[in-house]
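S.K.: Start counting the sequence shown at 1; every next residue gets the next number (our numbering).
Just to be clear, a hint being listed does not mean it is correct.
Ranges between beta-carbon positions, derived for each pair [said to hold, decoys possible]: (1) K276 - K66: 36 to 46 angstroms; (2) A215 - E279: 35 to 45 angstroms; (3) A88 - G51: 24 to 34 angstroms; (4) P113 - S308: 31 to 41 angstroms; (5) P153 - H47: 39 to 49 angstroms; (6) Y44 - R225: 36 to 46 angstroms; (7) G150 - H47: 32 to 42 angstroms; (8) T309 - N128: 51 to 61 angstroms; (9) S162 - A119: 15 to 25 angstroms; (10) N370 - L338: 10 to 20 angstroms; (11) H47 - A215: 20 to 30 angstroms; (12) P113 - D402: 40 to 50 angstroms; (13) A215 - S162: 36 to 46 angstroms.
Straight-line Cα separation of at most 30 angstroms, BS3-like style, residue types lysine-lysine; simulated pairs [unchecked claim]: (14) K306 - K373; (15) K243 - K406; (16) K35 - K243; (17) K146 - K66; (18) K409 - K372; (19) K409 - K306; (20) K38 - K18; (21) K283 - K372; (22) K390 - K373; (23) K409 - K194; (24) K276 - K306; (25) K276 - K243; (26) K385 - K406; (27) K373 - K394; (28) K276 - K385; (29) K66 - K97; (30) K66 - K243; (31) K66 - K276.
Everything labelled a hint here was simulated from the structure, so no lab data went into it.
Please read these numbers as outputs of a predicted model, since none were measured by experiment.
We put the CB at the ideal spot given by N, CA and C, even for glycine.
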Amino acid sequence: MGTEIRLDVADMWVTYSKNHRGMDHGSIFQEGDRKPVKSDQLDYDWHENEGEDPTPSEMAFTRPLKDVVPRLELLGFNLDRVRREYDAVAENWLEEKRAYTNDGDEPVPELMPFAEFLAFATEHPIENLDDTFISGTDEASEETIKGRFGGMPLEQLPHYESYDINAYSERSFFGELVRFLHPYSILRLLAEAKGNEDAPVVWQYGPLVENGYAAAREFVPHARRTETFLIATEGSSDVHILKHALALLRPAVSDFFRFIDVSEGHPFSGTGNLVKFAEGLAKIDVQNQVVFLFDNDAEGLDAHQKLSTITLPANMRRIMLPELDAFRAFPAEGPEGLHRSDINRRAAAIECYLDLEVGGHPPAKVLWTNYKKGLGIYQGALEFKESYIKEFLKQTPETLGDGSYKVHKLEAVLDLLIAECTAMAVDQWDTAEVELRDVYR
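Build the full structure now, drawing on both the sequences and the hints.
M.R.: Structure follows, in structure tokens:
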């Protein structure tokens, strides 16, 4: 019979292979997700009688569905991508059905629009669906297997054939109905149901390894190099701050982000060098996913505008740190004294996004420095910025937990960065060539 390896959500498989690893799902997990999980492929009575520890055969990666979602999105599977895939599959299915419809045949029914399909797929939490095994093949057994879905217009679903039911329970029948999508699209779709948030996503490799069909070294977590994003910044301080912020505030996806090595100084420091670096990468057609991140100040604005004249490939993006309301009336000092000014696009370098109430300094302010003639605005810099950086790099999950260090501005930075990387990952998928469901089995 062989040994199966499945990717399950709430004990419903979304894809599987037999006697080999199949699709690599390590990217949706992290090392902390590796743990033993009870397996229906193990004979626990035998292990007990033989005095054998079943743990090696139980090894798996498991993570709640809600915690898988941020990783799915950085892999390109956000809800918009699922919608595009559904529409492409539905269109292909209708074309195929109509091509084989003869005069006098029943007309091909219209398929559900995506909004209706989303409501259908998320109406019932998976764990609420009956998973009792039904062995019969008669009409009554078939109706029991269909369960609550028996009275629904299932012919409006892509790839549904009433004569082709390979399910054994209500839960497995539901899986058959949605499995025309990519496995990660299924997970992202199901995550829209609040009742599925804590459903365990499990990739159990122990039985396959213990039975000799794969090696343990094949099961490695974390984002693969081709799935990561290189974040190119203006200076070394940006790298240190962003790396620490991701580790503290977004540990569930921090492995998706890489930075230029600044251990011996930034090789492309300054906005001018960063623009030249971007131009060079664009010309040599590198395949890495790259985001060029500029400060929200006059220098950053100037460089961002210069880079906007260059057509970047789909795997490269340019962004500035986000404009914030907190910067619209910020203390700024220049030749005319201290006034409250809007420092967005003028003086909000990354240090301004730190907690500026720590360190025992006077109230935070920026100092106007040089005039950017081409933009008609002054560039400014935060006073005591090095001290604010040092204070932030001292922070730990524990110090953030008590709320003594404010991180809401950094949260805005990370939200923008992750959203841009997600959009880039989604764009890498060409939904015009969506594979059909058998590819994912």
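S.K.: Quick check: does the Cβ-Cβ distance between G150 and H47 fall within 32 to 42 angstroms?
M.R.: Holds - the Cβ-Cβ distance for G150 and H47, about 40 angstroms, lies within 32 to 42 angstroms.
S.K.: Decide if the proposed pair is consistent with the structure: K373 and K394, CA atoms, cutoff 30 angstroms inclusive.
M.R.: 38 angstroms, violated
S.K.: Verify the CB-CB distance for A215 and E279 against the hinted window 35 to 45 angstroms.
M.R.: 44 angstroms, holds
S.K.: Checking one constraint from the list: CA of K35 to CA of K243, max 30 angstroms. Satisfied?
M.R.: Holds, because 27 angstroms separates the two Cα atoms, which is no more than 30 angstroms.
S.K.: For K146 and K66, compute the direct alpha-carbon distance and say whether it is at most 30 angstroms.
M.R.: Given pair K146, K66 holds - Cα atoms ~27 angstroms apart, limit 30 angstroms.
S.K.: If I claimed the Cβ atoms of N370 and L338 lie 10 to 20 angstroms apart, would that claim hold in this structure?
M.R.: Holds: the Cβ-Cβ distance is about 19 angstroms, inside 10 to 20 angstroms.
S.K.: Hey, K276 versus K306, does the alpha-carbon distance stay inside 30 angstroms?
M.R.: Within the cut-off at roughly 10 angstroms; holds.
S.K.: Please test the hint of 36 to 46 angstroms on the beta carbon pair from K276 and K66.
M.R.: Given range 36 to 46 angstroms: holds, Cβ gap about 42 angstroms.
S.K.: A range of 40 to 50 angstroms was offered for this pair. Does it hold for the Cβ distance of P113 and D402?
M.R.: For D402 against P113, whose Cβ atoms are near 48 angstroms apart, the range 40 to 50 angstroms holds.
S.K.: State, for the Cβ atoms of P113 and S308, whether the hinted interval 31 to 41 angstroms holds or is violated.
M.R.: 37 angstroms, holds
S.K.: Is K243 close enough to K406, meaning Cα to Cα at most 30 angstroms?
M.R.: The hint holds at about 17 angstroms.
S.K.: With a cut-off of 30 angstroms on the C-alpha distance, tell me whether K283 and K372 pass.
M.R.: 29 angstroms, holds
When the structure is compared with the earlier hints, violations turn up for hints 3, 22, 27, 29, 31 and for no others.
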